[in-house]
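Chains as they are written, first to last, in the numbering used here: chain A, 1 to 232; chain B, 1001 to 1121.
The set of hints was computed from the structure by calculation and includes no laboratory data. In this text, a Cβ means the ideal position worked out from N, Cα and C, and glycines have one as well. It is possible that some hints are incorrect.
[Stated by the list, open to error] Pair by pair, the computed Cβ-Cβ distance ranges are: (1) Gln1116(B) <-> Asp106(A): 31 to 41 angstroms; (2) Arg148(A) <-> Leu1025(B): 54 to 64 angstroms; (3) Asn1031(B) <-> Met1(A): 42 to 52 angstroms; (4) Thr21(A) <-> Leu1025(B): 53 to 63 angstroms; (5) Leu1032(B) <-> Ala126(A): 49 to 59 angstroms; (6) Tyr1034(B) <-> Leu224(A): 18 to 28 angstroms; (7) Pro28(A) <-> Gln1116(B): 33 to 43 angstroms; (8) Leu224(A) <-> Leu1107(B): 42 to 52 angstroms; (9) Phe229(A) <-> Ala1035(B): 34 to 44 angstroms.
[Unchecked claim] Distance condition first, Cα-Cα at most 20 angstroms in a straight line; then the derived DMTMM-like pairs of lysine to aspartate or glutamate: (10) Lys2(A) <-> Glu107(A); (11) Lys2(A) <-> Asp31(A); (12) Lys1099(B) <-> Glu76(A); (13) Lys14(A) <-> Glu45(A); (14) Lys217(A) <-> Asp168(A); (15) Lys2(A) <-> Asp106(A); (16) Lys1096(B) <-> Asp168(A); (17) Lys2(A) <-> Asp94(A); (18) Lys217(A) <-> Asp172(A); (19) Lys2(A) <-> Glu104(A); (20) Lys2(A) <-> Glu76(A); (21) Lys1109(B) <-> Glu76(A); (22) Lys1109(B) <-> Asp31(A); (23) Lys14(A) <-> Asp86(A); (24) Lys1109(B) <-> Glu1120(B); (25) Lys1109(B) <-> Glu45(A); (26) Lys1096(B) <-> Glu1108(B); (27) Lys1099(B) <-> Glu1115(B); (28) Lys2(A) <-> Glu101(A); (29) Lys1099(B) <-> Asp172(A); (30) Lys217(A) <-> Asp1095(B); (31) Lys14(A) <-> Asp41(A); (32) Lys1096(B) <-> Asp172(A); (33) Lys1099(B) <-> Asp168(A).
Okay, here's what each chain looks like letter by letter:
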Amino acid sequence: MKTLVIIPAYNEEKNIAATVTELRRSCPALDVVVVNDGSRDATGELCRAMGVPVLELPVNLGIGGCVQTGYRYALERGYAAAVQFDADGQHPADALPALLEPIERDEADLVVGSRFVGGAGFRSSAMRRAGIIFLSGLVHALCGVHVRDITSGMRAAGPRAIALFAADYAQDYPEPESVLAAGLCGLRIREAAVEMRPRQGGESSITALGGAYYMIKVSLSLILRRIFFRRG
Amino acid sequence: MLSHTAQISMLIALAFYAAILLTLLRNKRLNLRYALLWIFSGVLMLALALFPDILPAIAEMVGIVSHTNALFALVFFCLILILMSLTAIVSGLNDKVKKLAQDNALLEKRLRELEQREDEP
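So here's chain A without its partners, still in its complex pose:
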């Protein structure tokens, strides 16, 4: 199966080389593309030096616009599956086969890598977990899809999800909203257990102060998306 690994990267020069090396070692059959979101450091140069294909965004679009570029690339090149994979070392490359399996067998259109299913591994703070439980419940209430690790940025997409995300993807904090969008369009969504690691460097996109803003913004955009959703 022709599969693309999309790595969104913004100022990730400290981690990108290790991430790509790990991916190449444990999944040599997968194509990799780094989407450089207007980094001001050497992320792009490092990737080119390693011979990794890079999509260079001329300006910083934020995570949503960055990941969407990867999905548009996957659609343009006719990939049958695309995996979103963080550059910061949180996502283990050896979990990718398990993530891709349901798509390969055509049992799911979207598989979310989840910290809360099965395996132990890295866990986050109580506040963060409470927020995730709330958003997960909200998405469940809005479209009937139950994904426990709703904010996980590690997910595999089949052809239908690739086409959907290439056409429409939320711009900031897109993870819960993209699951809702997929759920509303009737895509089959699954979760797969992944043992995440603490990030190797850099900072989370969600700070303590931004937590409340994050919750309000994401909840509102989820509800609005549900209200304005039209089938077909």
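Assemble chain B onto chain A, guided by the hints.
Okay, now just chain B, sitting in the frame of chain A:
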């Protein structure tokens, strides 16, 4: 009812307003599409300054006792309309910039691949 002083002040202010608006339009520093709401607001204020009887009628209709307050309410309403349209315009531009940046990244990738292929054989 507006006092004559207020009427004259309004007309002077409107003359300045129109002069600035026309200068911006003539120098092409303001797109007519985005100036329509400003023109509309100016015409409304001009009508109020020239025909002061309109204001008490409006004030009575919407239940505002003081006529000057009705004038303020109208001005606020115009400003809010203009601000909302600005936010809508910015959102539209944001979508266009995003699309263009992504297209640029995808095209740049294809160009680099083409150049590489040309170098090889």
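In ascending order, which of the hints set out earlier in this document are inconsistent with the structure? 7, 8, 27
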